[in-house]
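Use the sequences and the hints to build the structure in full.
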Amino acid sequence: MTAVSRQRLVFLLRKQPHLSREQFQRYWWDHHAPLVRDRAEVLGIRRYQQVHTVQHLGPEGADEIDGVAELWVDGPAPTGTREQVAAAGLELLEDERTFIDLARSPIFLGAEHHLQAGPHEGLRLTGVVMRQPTVTRETFQDYWVGHHGPTALARPDAFGIGEYYQVHAPVDAEHNPLAVHRGAPPAPEGIAEAWLSPPTLAAAEADALRAALRETDTPYFDYSRTVRFMGEVRPVFER
1 MTAVSRQRLV
11 FLLRKQPHLS
21 REQFQRYWWD
31 HHAPLVRDRA
41 EVLGIRRYQQ
51 VHTVQHLGPE
61 GADEIDGVAE
71 LWVDGPAPTG
81 TREQVAAAGL
91 ELLEDERTFI
101 DLARSPIFLG
111 AEHHLQAGPH
121 EGLRLTGVVM
131 RQPTVTRETF
141 QDYWVGHHGP
151 TALARPDAFG
161 IGEYYQVHAP
171 VDAEHNPLAV
181 HRGAPPAPEG
191 IAEAWLSPPT
201 LAAAEADALR
211 AALRETDTPY
221 FDYSRTVRFM
231 GEVRPVFER
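Yeah, the sequence shown ends on 239 if you go by UniProt numbering, and it's all consecutive.
I should point out that these hints are in silico values taken from the structure, not numbers from a laboratory. Predicted model only: the values in this text are computed from it and were never measured. Errors might be hidden in some of the hints.
[To be verified] The following label-pair restraints were derived from C-beta to C-beta distances:
(1) 150 to 204: 21 to 27 Å
(2) 177 to 224: 28 to 34 Å
(3) 60 to 83: 19 to 25 Å
(4) 204 to 97: 24 to 30 Å
(5) 54 to 238: 18 to 24 Å
(6) 230 to 93: 26 to 32 Å
(7) 87 to 204: 58 to 64 Å
(8) 90 to 186: 21 to 27 Å
(9) 95 to 186: 33 to 39 Å
(10) 230 to 98: 35 to 41 Å
(11) 31 to 175: 35 to 41 Å
(12) 61 to 85: 54 to 60 Å
The C-beta atom is built at its ideal place from N, Cα and C for all residues, glycine as well.
Here is the structure:
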């Protein structure tokens with residue numbers, strides 16, 4: 001059973017081209033994270049974590065994601081005045097411009113669906129999910145949460161999924177002021193995140209089950225544009 005209990009701000013980051021991934025991630029952690037933490041009360045941010053890409057899994061030739069900033073804003077109300085909130089937001093945006101390629105970095109406020117609790121140790125698999133252009137976002141997301149997720153979770157012996165979340169982008173994601181002010185590209189349908197353990201089913205059987213689900217997914221998922229990567233989750237703060 002899926003539960004929608006929180007909204008999560010998801011910022012899919014691609015680095016400025018003059019930076020290496022290591023340089024990008026170091027600046028993001030050492031310099032930008034403290035700036036967010038210092039402004040959390042003013043902006044009403046309850047929790048903030050970074051996901052640092054460790055290994056790109058595909059598709060080959062895709063524009064890789066260098067990290068994901070994830071913020072939860074469903075807690076204490078902002079303490080700042082309208083002017084203070086605007087000033088804090090502008091300070092963060094100005095710093096973002098120094099290391100993030102904002103024109104290539106989608107941002108959206110999504111609905112968090114927690115489909116399964118379970119082990120969540122080690123690296124996290126993140127999928128930046130894209131739909132086929134022949135289906136609407138609503139139709140895709142209904143299928144994603146109502147069929148794809150439960151089907152995979154029903155066979156841990158084949159898929160090896162522990163903790164599992166989906167974060168769905170809203171229909172009007174591109175009109176979010178955070179996206180507009182950054183000149184962000186269109187949002188994906190959302191992100192899927194899972195912590196995995198090795199399947200226990202015989203390899204041939206597990207492969208067959210995964211292939212069957214992928215075939216059923218084909219009218220809905222555009223796997224040629226769905227970027228997947230393993231990342232290290234780094235909590236910054238929670239209040």
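Status of each hint after checking the structure:
In this structure, residue 150 and residue 204 meet the distance hint of 21 to 27 Å, their C-beta atoms being roughly 24 Å apart. Judged by the Cβ atoms, the range 28 to 34 Å given for residue 177 and residue 224 holds: they are separated by roughly 31 Å. Taking 19 to 25 Å as the suggested C-beta distance range, the pair residue 60 and residue 83 does not conform, at roughly 48 Å. Residue 204 and residue 97 have their C-beta atoms about 50 Å apart, which leaves the hinted 24 to 30 Å range violated.
Checked against the hint of 18 to 24 Å, the pair residue 54 and residue 238 passes, with Cβ atoms roughly 23 Å apart. Between residue 230 and residue 93, the C-beta spacing of about 29 Å keeps the proposed range 26 to 32 Å intact. A hinted range of 58 to 64 Å for the beta carbons of residue 87 and residue 204 is consistent with their spacing of about 60 Å. A beta carbon spacing of about 24 Å between residue 90 and residue 186 agrees with the range 21 to 27 Å that was offered as a hint.
Hint check: residue 95 to residue 186, Cβ distance near 24 Å, so the stated range 33 to 39 Å is violated. Checked against the hint of 35 to 41 Å, the C-beta distance between residue 230 and residue 98 comes to roughly 27 Å, which is inconsistent with it. Between residue 31 and residue 175 the beta carbon distance is about 30 Å. The supplied range of 35 to 41 Å is therefore violated. The given range of 54 to 60 Å is broken by residue 61 and residue 85, whose C-beta atoms sit roughly 40 Å from each other.
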